[in-house]
Amino acid sequence: MKQVLVMVLTLGTVAIISGGILSRVNAWAQSLITANLDATTEQAVFMVQPAGERYEKVEGVDFTVYRVFDSDDRFVGYAMVYEGTGYQGTIRLMAGLNEDLSQIVAIEVLEDSETPGLGALINEEKFKDQFKGLVTSPAITWVKGAAPSMPNEVQAITGATISSRAVVDIINEGVAELRRSLVE
Amino acid sequence: MNQRMSLGKEYVKGLWEINPIFKQMLGMCPTLAVTVSAINGIAMGLAVTFVLFFSSLIISFIRKLIPSQVRIAVYIVIIATFVTIVDLVMKAQFADLSRAMGPFIPLIVVNCLILGRQEAFASKNNPGRAVLDALGNGSGFLLALFALGSVRELFGSRTILGFAVLPETFQPWLIMILPPGAFVTLGLMIAAANEYVARQRRRQRETVLAGYKRADARSPLERAGV
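Residue numbers (the working numbering), protein chains in the order written: chain A, 34 to 217; chain B, 3 to 228.
Okay, derived cross-link-like pairs now, SDA-like style, lysine to any residue, Cα gap no bigger than 20 Å in a straight line: (1) A/Lys-159 - A/Leu-143; (2) B/Lys-126 - A/Thr-43; (3) B/Lys-93 - A/Trp-61; (4) B/Lys-93 - A/Gln-63; (5) B/Lys-15 - B/Arg-203; (6) B/Lys-15 - B/Gln-202.
None of these hints come from the bench; they were simulated from the model.
Since the model is a prediction, treat every value here as computed from it, not as a measurement.
Construct all of the structure, not just a fragment, from the sequences and the given hints.
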């Protein structure tokens with residue numbers, strides 16, 4: 034009986050001390066972690082909306098969308114975070130759209146776990162720049178091997194068609210979803 | 003550890019003699035996963051060394067108070083506490099590095115190298131020795147990860163620690179930054195380490211045998227009466 038008591042007491046004491054220390058560390062770190070996340074978001078928003086100066090979250094949409102304003106406080110467009118399935122895992126990206134959602138300003142990949150050297154090339158400027166000024170209606174499509182000829186086409190990355198297609202699909206779906214939400 | 007080692011030896015043994023990667027083969031999971039670049043290797047090595055140092059220190063201090071039935075549970079709680087601290091600090095101060103490490107920082111909790119050192123060493127030795135042993139093993143781990151990360155980064159992305167080393171004309175070997183590259187590189191490094199040890203041992207034996215031959219015309223086996 035005494036042995037059991039000692040065991041429980043030891044384990045309990047260690048756990049309480051550990052919990053106390055961790056709550057202290059957490060209290061200190063949490064604000065910094067939130068600040069880091071905000072900084073990352075801010076950086077991405079201004080990357081996909083180069084004219085942006087200020088942004089606010091759009092309420093009532095079940096994914097993250099920001100309204101972006103320029104230095105004269107004029108509304109320039111939206112920045113939305115949308116995700117979907119890539120080749121190996123989730124691709125999360127941010128797309129900047131103009132004020133009536135008819136054109137893409139720029140896109141930025143926030144998170145991916147695509148194959149290095151192949152699918153991960155969606156992070157390269159060469160691929161992302163193709164989306165600048167792309168028309169969103171009709172929906173964006175992709176071509177293989179040849180340079181795009183239509184204003185709504187991008188060229189898929191050689192050897193990473195699935196990843197390229199995933200990015201296109203995510204954007205199309207996101208834009209459609211955003212249109213629906215904004216009309217409501 | 004019945005015979006007392008010198009304190010210096012307690013540290014140095016972790017670097018090579020019982021190197022966690024090349025000799026004990028412990029902590030292989032983060033080793034293979036994060037070493038796509040030298041800087042990742044260093045970060046993981048430092049994180050593990052930090053956790054190892056403080057866990058060993060504290061466990062060695064309270065080693066006589068812990069009932070042996072719950073010792074593993076107590077070790078895990080202590081290790082998890084320090085791992086969580088590392089994880090939070092990295093997220094707060096080194097966000098990019100933390101993202102590159104992914105889930106492998108929280109996973110240090112189950113790194114068998116750390117639990118192994120507690121069970122095999124810190125729970126049986128005084129805090130001074132435990133800390134030296136922890137630092138030695140941590141350094142050995144860090145060096146191994148740095149070496150592995152450097153090789154993979156060199157051939158996989160032409161750089162070491164971000165500095166271009168190989169010329170632009172060198173086509174990076176993609177496989178080096180993919181999982182197979184980790185297995186192949188680590189395998190070759192362990193093979194080289196084993197070959198080195200085997201050679202050293204052979205040379206030692208030959209020296210001893212030659213010594214016997216000089217002292218006595220008979221072979222040592224004969225003298226032993228075999």
